[in-house]
Amino acid sequence: MSDINALENISTQVRRDILRMVHKVNSGHPGGSLGCVEFFVSLYFNIMDTKIPFEMNGTHEDLFFLSNGHISPVFYSVLARKGYFPVEELNTFRLIDSRLQGHPTTHEGLPGIRVASGSLGQGLSVAIGAAQAKKLNNDPKTVFVLMGDGELQEGQNWEALMYAAAKGVDNIIATVDLNGKQIDGSTDEVLHMGDIAQKFKAFGWEVLSIKEGNSIERILETLTEAKSKLGQQKPIAILMETEMGNGVDFMMHTHAWHGKAPNDEQLENALAQNEETLGDY
Amino acid sequence: MKQYTNQGSNDTRSGFGDGLTELGRTNPNVVALCADLIGSLKMQDFIDENPERFYQIGIAEANMMGIAAGLTIGGKIPFTGTFANFSTGRVYDQIRQSIAYSGKNVKICASHAGITLGEDGATHQILEDIGMMKMLPGMTVINTCDYNQTKAATIAIADFDGPVYLRFGRPKVANFTTPDLGFEIGKGILLNPGSDVTIVATGHLVWEALQAAEELESQGISAEVINIHTIKPLDEEIILNSVKKTGCLVSAEEHNYLGGLGESISGLLGLKHPTPMEIVATQDTFGESGTPAQLMTKYGLDKASIIDKAHKVIKRK
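Chains as they are written, first to last, in this note's numbering: chain A, 3 to 283; chain B, 3 to 319.
One thing to keep in mind: the hints can contain errors.
Distance ranges between label pairs, derived from CB positions [said to hold, decoys possible]:
1. Glu54/B - Ala204/A: 24 to 30 Å
2. Thr287/B - Lys201/A: 54 to 60 Å
3. Pro55/A - Phe162/B: 23 to 29 Å
4. Ala124/B - Lys201/A: 34 to 40 Å
Worth flagging that the hints you see were computed from the coordinates, not collected in a lab.
Note that the Cβ used here is the ideal one computed from N, Cα and C, for glycine as well.
Chain A extracted, bound-state conformation (with noise of 0.2 Å):
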């Protein structure tokens, strides 16, 4: 229990990191950002294990690739929060000459960024390669990867997951972020995609799925059950029901925080909702 107290502490501080990176400049997308949040400080502060200082090549270590690059904030709150860079770092997101671009890069050499994303559809077919390579390297390790529902709609992800599958790429955990929205509205108006877990399964995936996307209990729990399904010559889904803009009520139920930053009164109403904990940067 001390453990979930103490990644709850780490949660809040990661929100935020989000809302006051995405009010600094105006932009960003804070939605999703805030509805992934329990699912990325739990995987890199409880679930991976990680070496730090960051070196490409990731061996003998998990892996994580984001796929949906837009919810770069929640990223990098969490990859410095870890200490891959300094946190002050993070005042400079989507400024001229940072480390931190809108959307992910290793072009500016930001440790813990393996590839670039934001043009979507690609981190799984990524992740699946570097999934392939450790195991002609023996490497035991991980690899694991988040792509957004709306992503989905991309035809690329329908190739990744056959391939997968008829590879028997074993070594992998995909976690699909449901949020059930998109940038026009919901996933349902936009481009109903019918019963993924059917569909996932149907591609010859194991899918195992989190209903309560935003709890740390039930995000460990069901990556822990993946993890033990591991190695079985099936690749390994999660698809996790979240809620845009969690831990901000005016953010929440509604698909008008995808791309928008708050305003000063906005800001400060939404971190009086989530007090410091580990100090902000």
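Here the structure of chain A is known, so what remains is to put chain B in place on it, guided by the hints.
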């Protein structure tokens, strides 16, 4: 004039296949990926010798480019194999984001480039690929001219750290380069010294350029022939030194004049040494079905066109 002899016609794609096979024996980090075109890309020997280092992706080129990018994370040197059309236009954004912008050490090996793909027609005959690839920051672009050069280039790019687009073709063509010419990325090759006109050629047009130079010599015109196999980065020095001597230039390639080698050279000359220039290339058109020889003639990608343009450009001096 320096004599080049055809040591026996062969396809450039076999040069790729044999180069890959050699890499399989010498470099344990080299892995190969293919999107359902093993035979066309001549990858079978590599696969037979290194089954664990080969990935059959199926007809899913976008996924192939992503997987290749991922394989570099772990120290592998992935060589992807499919037709040039499916290696570039079909997967441009995957290459742009996951490979070029991400700085991944992927070798995109593209067969059946250009109009000499022949009978399959314009759906498969890409004439825009050099342009697309050279526009990507950090991408090295190579177009080889014969079997020997393609084999040498395949081996050379494994030792180069960075994304590479290696372009070669389908038909059997003259195999005339010799080991002493070497293969250095970014370094043009002076095939024949001359003084009246510079002919700069890449890919299948290099042999045509040599034939053209021979005929021009019989007409009393001394043509300097340069092979540019690396279109990016362009060997500016060899081109500028040559035009300072000859005062005019003809470029020749199996590609659209927009975006190709000729465009790169005209940009170079315009900026650094304005010189009369003519371009042998396709004229912003799609191709069509036909034999490679018929198509090269119809679209003006042959010895006759090079000679014609040489006469024209000499008059402009």
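Hint by hint, here is what the structure shows:
{"no.": "1", "hint": "Glu54/B - Ala204/A: 24 to 30 Å", "in the structure": "holds, 29 Å"}
{"no.": "2", "hint": "Thr287/B - Lys201/A: 54 to 60 Å", "in the structure": "violated, 42 Å"}
{"no.": "3", "hint": "Pro55/A - Phe162/B: 23 to 29 Å", "in the structure": "holds, 27 Å"}
{"no.": "4", "hint": "Ala124/B - Lys201/A: 34 to 40 Å", "in the structure": "holds, 36 Å"}
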